[in-house]
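A.B. asks: Chain by chain, the residues run as shown.
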Amino acid sequence: MKDMKVGIVQFPGTNCDYDTQYAFEKLGCKTKLIWHKDEIFDKNTDLLVIAGGFSYGDYLRSGAIARFSPIMSAVNKYAENGGKVLGICNGFQVLTESRLLPGALKRNEHLHFLSKHHHLKVVSNSNDFLSKMRRDEIVNIPIAHHDGNFYIDDESLKKLYENEQVLLQYCDENGDISNPNGSVDSIAGICNKQKNVFGLMPHPERAMEEVLGSDDGYRMLEGFLGK
Amino acid sequence: MKAIVNISLKAGVLDSQGKAVHHALDSLKFDGVDDVRVGKQIVLKLSETDEAKAREEVEQMCESLLANTVIEDYDIELIS
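Protein sequences appear in the order of chains A and B. Following my numbering, the numbering of the first sequence begins with 1 at its first residue and continues without gaps. Following my numbering, the numbering of the second sequence begins with 1001 at its first residue and continues without gaps.
Misleading hints may appear alongside valid ones.
[To be verified] Mimicking DMTMM-like on lysine to aspartate or glutamate, the simulated pairs with C-alpha atoms at most 25 Å apart in a straight line are: (1) B/K1010 - A/D154; (2) B/K1010 - B/D1034; (3) B/K1040 - A/D58; (4) A/K159 - B/D1073; (5) B/K1019 - A/E109; (6) A/K159 - B/E1072; (7) A/K158 - B/E1072; (8) B/K1019 - A/D58; (9) B/K1019 - A/E173.
The hints are simulated quantities; they were obtained by calculation from the structure and are not laboratory data.
Produce the complete structure using the sequences and hints provided.
C.D. replies: Given below as structure tokens:
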């Protein structure tokens, strides 16, 4: 898609907004930052990104307060109408707290904040995000989180697999499961049943330059541009 | 009226903080501890005087914000 319009939501504490802007502009998109107090955003937005970092100090639980921000009513409506939403890291937490995505993100099993590169394996590519990637393809993407331990009950997990909603799993460089944070089934990213809302803990927007360790994020985010 | 809300991870959801505290108690030689669960307590001062109404309101608060019912249980105690 030429001239794709990407909106990036900023909460107090968001710190990956400009990296996300850089990433999508590198892909040739037009980007616009959206302040959390705004009640509306451009209806011609092709992709809305809830960027990583923090939101409101993440009091109570990560994403719990952000969910009630003025902008979130518009985000909910946009998603209900089929608009594409991507939540990265804290954005993923905001989306699970909003119930736009199933499950929840708990404190990392070993209680440490993790900040490092990690390999991920593509589980499902039957969606707009990862359609350009192969199943089992391995990418190297940074992770940086304290609350990335994805939890979902067994029955809902079964449904996730049946509907091909599991997007990515943490693995090692050979593709064998390697779980950094205790997530159920080593899950790093999922989408909703309608496949228009996506969430992942790793940061593809921080993997846009080979000189900085990896440009695998470029190939991932490129999927949103379509054919 | 005061409402005391206790929030804890559901049974079956691994409580890593509880485990870490359990380990620490073990290393301090407190041998009689079988399990530790760490939760949080939220104390609300309410203007409502009717207990049933207060409970209903606090339940709504828990469902919408105070607890994440995907992973957490809550318990409400009212003190008039």
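A.B. asks: Please name the hints from earlier in the document that this structure breaks, with their numbers sorted from lowest to highest.
C.D. replies: 9
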